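A.B. asks: Take the given structure of chain A and dock chain B to it, following the hints.
First to last, the sequence lines map onto chains A and B. Note that the first sequence covers residues 43 to 506 in the numbering used here. Note that the second sequence covers residues 13 to 189 in the numbering used here.
Just to be clear, a hint being listed does not mean it is correct.
The calculated label-pair distances, taken between Cβ atoms and stated as ranges, are [what the hints assert, rightly or not]:
| id | chain 1 | residue 1 | chain 2 | residue 2 | range |
| --- | --- | --- | --- | --- | --- |
| 1 | A | Val307 | B | Arg168 | 43 to 53 Å |
| 2 | A | Ser139 | B | Arg44 | 46 to 56 Å |
| 3 | B | Arg167 | A | His105 | 49 to 59 Å |
| 4 | A | Ala453 | B | Arg167 | 23 to 33 Å |
| 5 | A | Gly436 | B | Val20 | 30 to 40 Å |
| 6 | B | Arg108 | A | Arg212 | 52 to 62 Å |
| 7 | B | Arg44 | A | Ser444 | 22 to 32 Å |
| 8 | B | Arg44 | A | Arg48 | 28 to 38 Å |
| 9 | B | Arg108 | A | Ala84 | 21 to 31 Å |
| 10 | A | Ser131 | B | Arg167 | 45 to 55 Å |
| 11 | B | Arg108 | A | Leu468 | 32 to 42 Å |
| 12 | B | Arg108 | A | Glu89 | 27 to 37 Å |
For the chain A half of the interface with chain B, some residues (derived, Cβ under 10 Å), not all of them [said to hold, decoys possible]:
| id | residue |
| --- | --- |
| 13 | Arg51 |
| 14 | Ala404 |
| 15 | Lys412 |
| 16 | Thr438 |
| 17 | Leu446 |
| 18 | Ala456 |
Chain B stretches covered by chain A per the calculated footprint, using a threshold of three residues with CB under 8 Å from any CB of chain A [as the list claims (entries may be wrong)]:
| id | stretch |
| --- | --- |
| 19 | 84 to 94 |
| 20 | 121 to 131 |
| 21 | 159 to 171 |
No wet-lab data here; the hints were simulated from the structure. Owing to the predicted nature of the structure, the values given are computational and were not obtained by experimental measurement. Just so it is clear, CB atoms sit at the ideal spot from N, CA and C, and this is done for glycine as well.
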Amino acid sequence: MEVRSRDYRERARHIIEDTPDVREAVTAATITFVENRSKAFADLDAEALSRWAEQVKSHALTHLGDYLEEAEARLVERGVHVHWAETASDVHQIFKSIVRENDVQKVVKAKSMLSEELALNPFLESCGVEVFETDLGEYIIQLLGEPPSHIVGPSIHKSLEDTRVLFHERLGTPRDASPERLAAAARDLLRGQFLTADLGVSGGNFLVAETGSIALIENEGNIRLSTSVPRIHVALVGIEKVLPRWTDLPTFLQITSKSATGQPVGTFVSIIQGPGGAAGGEPDGPEEVHVVLVDNGRTRLLADPEVWEALRCVRCGACLNICPVYRQTGGHAYGYVYSGPIGAITNPGLVGLEETWPLPFASTACGACKDVCLVRIPIPDLLHVWRRRAVERGLTSPEEASVLRLWASAATRARLFGWAENLAALVPDWALRRLPMLREWTAGREPPRAAGQTFRERWDEGIE
Amino acid sequence: MATHTAAVFADSDYVVLPSGSCTAMLRHTYPRLLDSPELAERSYELAEFIVDVLKVIEIGRGLEGRQIAYHHGCHALRELGVEQQPVRLLESAGARVVPWEMDQECCGFGGLFSVKTPEVSVAMADRKLDTLPDVQTVVSADGGCLLQLEGRARRRRMPIRFRSLASTLWEARRGST
Numbered sequence: 043m044e045v046r047s048r049d050y051r052e053r054a055r056h057i058i059e060d061t062p063d064v065r066e067a068v069t070a071a072t073i074t075f076v077e078n079r080s081k082a083f084a085d086l087d088a089e090a091l092s093r094w095a096e097q098v099k100s101h102a103l104t105h106l107g108d109y110l111e112e113a114e115a116r117l118v119e120r121g122v123h124v125h126w127a128e129t130a131s132d133v134h135q136i137f138k139s140i141v142r143e144n145d146v147q148k149v150v151k152a153k154s155m156l157s158e159e160l161a162l163n164p165f166l167e168s169c170g171v172e173v174f175e176t177d178l179g180e181y182i183i184q185l186l187g188e189p190p191s192h193i194v195g196p197s198i199h200k201s202l203e204d205t206r207v208l209f210h211e212r213l214g215t216p217r218d219a220s221p222e223r224l225a226a227a228a229r230d231l232l233r234g235q236f237l238t239a240d241l242g243v244s245g246g247n248f249l250v251a252e253t254g255s256i257a258l259i260e261n262e263g264n265i266r267l268s269t270s271v272p273r274i275h276v277a278l279v280g281i282e283k284v285l286p287r288w289t290d291l292p293t294f295l296q297i298t299s300k301s302a303t304g305q306p307v308g309t310f311v312s313i314i315q316g317p318g319g320a321a322g323g324e325p326d327g328p329e330e331v332h333v334v335l336v337d338n339g340r341t342r343l344l345a346d347p348e349v350w351e352a353l354r355c356v357r358c359g360a361c362l363n364i365c366p367v368y369r370q371t372g373g374h375a376y377g378y379v380y381s382g383p384i385g386a387i388t389n390p391g392l393v394g395l396e397e398t399w400p401l402p403f404a405s406t407a408c409g410a411c412k413d414v415c416l417v418r419i420p421i422p423d424l425l426h427v428w429r430r431r432a433v434e435r436g437l438t439s440p441e442e443a444s445v446l447r448l449w450a451s452a453a454t455r456a457r458l459f460g461w462a463e464n465l466a467a468l469v470p471d472w473a474l475r476r477l478p479m480l481r482e483w484t485a486g487r488e489p490p491r492a493a494g495q496t497f498r499e500r501w502d503e504g505i506e
Numbered sequence: 013m014a015t016h017t018a019a020v021f022a023d024s025d026y027v028v029l030p031s032g033s034c035t036a037m038l039r040h041t042y043p044r045l046l047d048s049p050e051l052a053e054r055s056y057e058l059a060e061f062i063v064d065v066l067k068v069i070e071i072g073r074g075l076e077g078r079q080i081a082y083h084h085g086c087h088a089l090r091e092l093g094v095e096q097q098p099v100r101l102l103e104s105a106g107a108r109v110v111p112w113e114m115d116q117e118c119c120g121f122g123g124l125f126s127v128k129t130p131e132v133s134v135a136m137a138d139r140k141l142d143t144l145p146d147v148q149t150v151v152s153a154d155g156g157c158l159l160q161l162e163g164r165a166r167r168r169r170m171p172i173r174f175r176s177l178a179s180t181l182w183e184a185r186r187g188s189t
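Next comes chain A alone, as it looks inside the complex (with noise of 0.2 Å):
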């Protein structure tokens, strides 16, 4: 997917001012989400939860390579081609073969973030393959033409009547159609490409190393079609998606579940293994299996001490959910396929922190994610080193930097602090709103005023 943040700024302020109605249904749904989530942990001791998941995840990526060693081995002995690509540019190669090995011109998909880093759509379609997104959200911004606002709930920044609008145009139900009949007439279009598609394309939630299995949660039914009707299925597996037990699976399909929607699991778990009928060990499903190992950019985050942590990542969707700044704009501000916090974090390491440094300084570093993230990844803290390390490369305005230093100058030197106090409160309102930053605060808000006597005055006074 093509990276446009460098003008987070600009995008967030169209958001905001052209389109109202986004920030009000991000608002409504994501404060669902979090009241849900808060809910299904309610009963259950969810910091314990969350430093095993913590001590789980961080094992397998600090011993990734034996896990993906092991989990490739199974996938093998089952049947499964199993394929390695180091760059998006690979796994599109790797499609190029399976659609021209097999002739295939209908791809149905299940929902898959990678599929959406990695531009999968626009590549088959260049290779005149027909791609049909199944997940309802998916579906929506399919036909809208544009990417995912949330890992977990794509659509989230469209109304209901967004959706009635969109499908009576293009599906012609009934312009005031309930969301039943909505979701029908998806169901009626999609079910007959199900039955028509040639290669099933899923991505996977957790990759098990012991026993080679991938697991996928869904409510709509959408990912069991899509990985078991079409002869050939593909899953797309970012490499830091593995577990190391089989028994670690259970409980992380409930907590990402808890997490992402409040759901106590997802309304569907698919476990893909390999093959069905004489192929393979499974009594039905596709004749052919492929498993895509990703990378693009993993290992190089992985290798960074400072920001590894981010891999952690379960997508469960939550740090975007209780994020304030996220919910005034969602995901298409960050002008990438991750957004909010866990964005933030990720992008700069997975396409370079030269395309993506306005994401770090995203955040009014209020903490909320940390707190809520499932498997304790710092954001804050990994927030502050992308910062760093953007001002370092000279990214960020030099005009900041030097407000900064002279306010440091300032406030150490106590006499120069109180004379320019008292100046400050000299500078008349109109002079104010030209001076660089405080044009950018008064746009929207009115300056301090002044009180009659500094704190210093009244401290030297004598305040009782």
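C.D. replies: Coordinates of chain B only, in the frame set by chain A:
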């Protein structure tokens, strides 16, 4: 600046800050900058100091009948764990601290964030102000948050007073309104 601050307060038994954010800086970042936890160990946010160190809850009844909404600054709340102390002090002085569904959500100040991303920052302040209960006064232990919320409320011509916790506790003690 950390070295300067440590030198200024070298002889103080306690450093009490009328700001959650500044306290969090001294407590969590200064030990790293100064290579010593010494200053951090005697630094407290004001309400935390009064309630947890001085063990005082009632400081006066000067807030009798006042309806107050309390904004929890993020750093006081999440980095210092200061949550009940300011509310208890205000209530014991006679104020009613009115429930506010967004009282623990960030106001959107975030230091330079407020001028680097002003549109998002203002939208965050609006979310706070739009959910505000019917009160005359909003109190917080953080100057930055008050600057932000008051600046936006004045632009929107909302007739609400924004007061720091320190000034409010001072009123409570003096009995004035």
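A.B. asks: Now, for every hint given, state plainly whether the structure supports it.
C.D. replies: These are the hints, each one checked on the structure:
1. Val307/A - Arg168/B: 43 to 53 Å: holds (45 Å)
2. Ser139/A - Arg44/B: 46 to 56 Å: Hint holds: Cβ distance 52 Å, inside 46 to 56 Å.
3. Arg167/B - His105/A: 49 to 59 Å: holds (55 Å)
4. Ala453/A - Arg167/B: 23 to 33 Å: For Ala453/A and Arg167/B the Cβ distance comes to about 28 Å; the hint holds.
5. Gly436/A - Val20/B: 30 to 40 Å: With a Cβ separation near 33 Å, Gly436/A and Val20/B satisfy 30 to 40 Å, so the hint holds.
6. Arg108/B - Arg212/A: 52 to 62 Å: holds (53 Å)
7. Arg44/B - Ser444/A: 22 to 32 Å: holds (25 Å)
8. Arg44/B - Arg48/A: 28 to 38 Å: holds (31 Å)
9. Arg108/B - Ala84/A: 21 to 31 Å: This hint holds: roughly 28 Å between Cβ atoms.
10. Ser131/A - Arg167/B: 45 to 55 Å: Given range 45 to 55 Å: holds, Cβ gap about 50 Å.
11. Arg108/B - Leu468/A: 32 to 42 Å: The hinted range 32 to 42 Å holds for Arg108/B and Leu468/A, with Cβ atoms some 39 Å apart.
12. Arg108/B - Glu89/A: 27 to 37 Å: Check passed, 33 Å falls within 27 to 37 Å.
13. Arg51: Interface hint status for Arg51/A: holds (5 Å vs cutoff 10 Å).
14. Ala404: Nearest chain B Cβ about 6 Å off; hint holds.
15. Lys412: The hint holds - Lys412/A has a Cβ within 10 Å of chain B, the shortest such distance being about 7 Å.
16. Thr438: holds (9 Å)
17. Leu446: OK, holds: Leu446/A within 10 Å of chain B, min 8 Å.
18. Ala456: holds (8 Å)
19. 84 to 94: holds (count 4)
20. 121 to 131: Holds: 11 residues of the stretch 121 to 131 of chain B have a Cβ under 8 Å from chain A.
21. 159 to 171: holds (count 7)
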